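J.: Required output: the full structure, derived from the provided sequences and hints.
There are 2 protein chains.
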Amino acid sequence: MKKITRQEIPRKAVYRLSVYLRCLQRLNTNGIRTVSSEALAKAAGVKSTQLRKDLTYFGQFGTRGLGYDVEQLAKMISDLLGTNSLQPVVLVGVGNLGLALLSYRGFEQEGFEIIAAFDVDLNRKRNKNVAQPIYPMEKLPEVLEKSKRGVKMAIITVPPSEAQEVANTLIGLGITGILNFAPIVLDVPEDVTVNNVNLAIELENLSYFIQH
Amino acid sequence: MKKITRQEIPRKAVYRLSVYLRCLQRLNTNGIRTVSSEALAKAAGVKSTQLRKDLTYFGQFGTRGLGYDVEQLAKMISDLLGTNSLQPVVLVGVGNLGLALLSYRGFEQEGFEIIAAFDVDLNRKRNKNVAQPIYPMEKLPEVLEKSKRGVKMAIITVPPSEAQEVANTLIGLGITGILNFAPIVLDVPEDVTVNNVNLAIELENLSYFIQH
Chain A
62 MKKITRQEIP
72 RKAVYRLSVY
82 LRCLQRLNTN
92 GIRTVSSEAL
102 AKAAGVKSTQ
112 LRKDLTYFGQ
122 FGTRGLGYDV
132 EQLAKMISDL
142 LGTNSLQPVV
152 LVGVGNLGLA
162 LLSYRGFEQE
172 GFEIIAAFDV
182 DLNRKRNKNV
192 AQPIYPMEKL
202 PEVLEKSKRG
212 VKMAIITVPP
222 SEAQEVANTL
232 IGLGITGILN
242 FAPIVLDVPE
252 DVTVNNVNLA
262 IELENLSYFI
272 QH
Chain E
62 MKKITRQEIP
72 RKAVYRLSVY
82 LRCLQRLNTN
92 GIRTVSSEAL
102 AKAAGVKSTQ
112 LRKDLTYFGQ
122 FGTRGLGYDV
132 EQLAKMISDL
142 LGTNSLQPVV
152 LVGVGNLGLA
162 LLSYRGFEQE
172 GFEIIAAFDV
182 DLNRKRNKNV
192 AQPIYPMEKL
202 PEVLEKSKRG
212 VKMAIITVPP
222 SEAQEVANTL
232 IGLGITGILN
242 FAPIVLDVPE
252 DVTVNNVNLA
262 IELENLSYFI
272 QH
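Protein sequences, first through last, are from chains A and E. First residue of the first sequence? That's 62 in the working numbering, and the numbers climb one at a time after it. First residue of the second sequence? That's 62 in the working numbering, and the numbers climb one at a time after it.
No lab work stands behind these hints: they were computed from the structure. One thing to keep in mind: the hints can contain errors.
Repeated chains share a single entry, so a pair holds when one copy, or any two copies, can fit it.
Taking lysine-lysine and the DSS-like style, the derived pairs with C-alpha atoms no more than 30 Å apart in a straight line are [claimed, not checked]:
| id | residue 1 | residue 2 |
| --- | --- | --- |
| 1 | K103 | K213 |
| 2 | K73 | K108 |
| 3 | K207 | K103 |
Just so we're clear, the structure is a prediction, and the values are computed from it rather than from any experiment.
T.: This is the structure we're talking about:
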């Protein structure tokens with residue numbers, strides 16, 4: 062596999078690789094060893110020309126007439142995405158949504174482990190217990206520096222008014238990937254990637270389309 | 062305002078309108094009455110040419126040199142998105158993520174009310190209580206038909222193996238907007254809109270970018 066640098070694969074293609082990976086994992090679970098580009102594209106909800114184009118990031122691949130080796134392709138994508146080993150993540154903001162994410166098992170199944178959570182108010186009433194330790198914000202440098210696992214990713218679930226300051230702190234401590242649930246646009250240096258998730262905006266978007 | 066039909070505004074522009082709306086609401090809360098397109102674009106994280114283009118969906122608007130009237134523009138966007146009144150939503154799949162969403166107050170703040178939840182297993186052990194009633198799946202037709210509020214939107218948080226069947230049932234009962242958290246591509250008729258949210262895929266995407 063040729064060396065792939067960040068600039069070569071656009072963000073949308075990386076999303077599609079994640080979707081292909083899930084389809085391949087499902088095929089593998091069902092005992093299917095090879096898959097045609099048409100069948101894999103259909104399962105992923107993309108055109109087969111799109112799929113073939115996305116897979117050219119891996120160089121020449123697949124055997125004409127036989128399709129792709131399910132396990133091999135899954136491993137190649139997973140290697141590229143860096144999800145073959147469990148990745149440590151910290152979460153900042155243990156309100157309602159933060160708590161929900163701390164107890165969401167889906168992350169771990171997919172290779173991400175939230176190792177610690179942080180909040181300004183440790184005494185806030187919380188309606189459930191979570192497995193991860195919750196620390197005061199001041200402990201953030203200590204926990205990140207002491208972690209031998211090189212934490213690079215963080216989830217921000219603080220109110221919008223606090224999010225930029227929290228992002229600045231995290232970036233200062235070496236975080237380069239942020240999953241941001243606060244409904245604001247974070248201002249970050251070029252080498253930091255922010256993915257925004259806003260559940261209310263997703264519903265609002267649907268709301269428009271069901272009316273028109 | 063001229064009549065706007067569904068085809069006229071692309072999905073991405075509708076997302077941006079949601080972001081503008083949030084910025085305007087924040088300005089309004091801070092007592093700011095007018096805003097220039099440059100300032101609003103900066104707050105929303107888009108180019109001002111993009112903002113001006115998006116606002117042309119509302120026809121001629123804004124006063125040269127004075128900028129936009131914050132309250133008026135917010136109302137116009139909110140009318141278009143249909144979020145001026147509380148919209149009823151049902152949720153199917155009360156596992157870990159479903160439970161989290163049921164207790165997430167963010168939806169209601171933004172104009173969406175989850176009125177009922179459904180699950181195949183009512184006796185499943187759940188680690189917290191929620192305000193909404195949880196019904197067996199069989200009750201779905203009855204609850205939707207009896208609701209005088211015309212439920213058009215649903216949230217799917219069932220396992221991927223069940224998601225398509227659940228979507229079919231919902232669509233058969235008049236649902237036309239689905240927020241899908243199951244990591245599969247749903248096959249739906251053209252008049253139904255599906256927005257997909259996959260938190261693990263968001264993290265996986267970050268995982269790629271922090272390495273390359």
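J.: Against the earlier hints, flag every one the structure doesn't satisfy and list their numbers going up.
T.: Checked against the structure, the only hint that fails is number 3, while the rest are satisfied.
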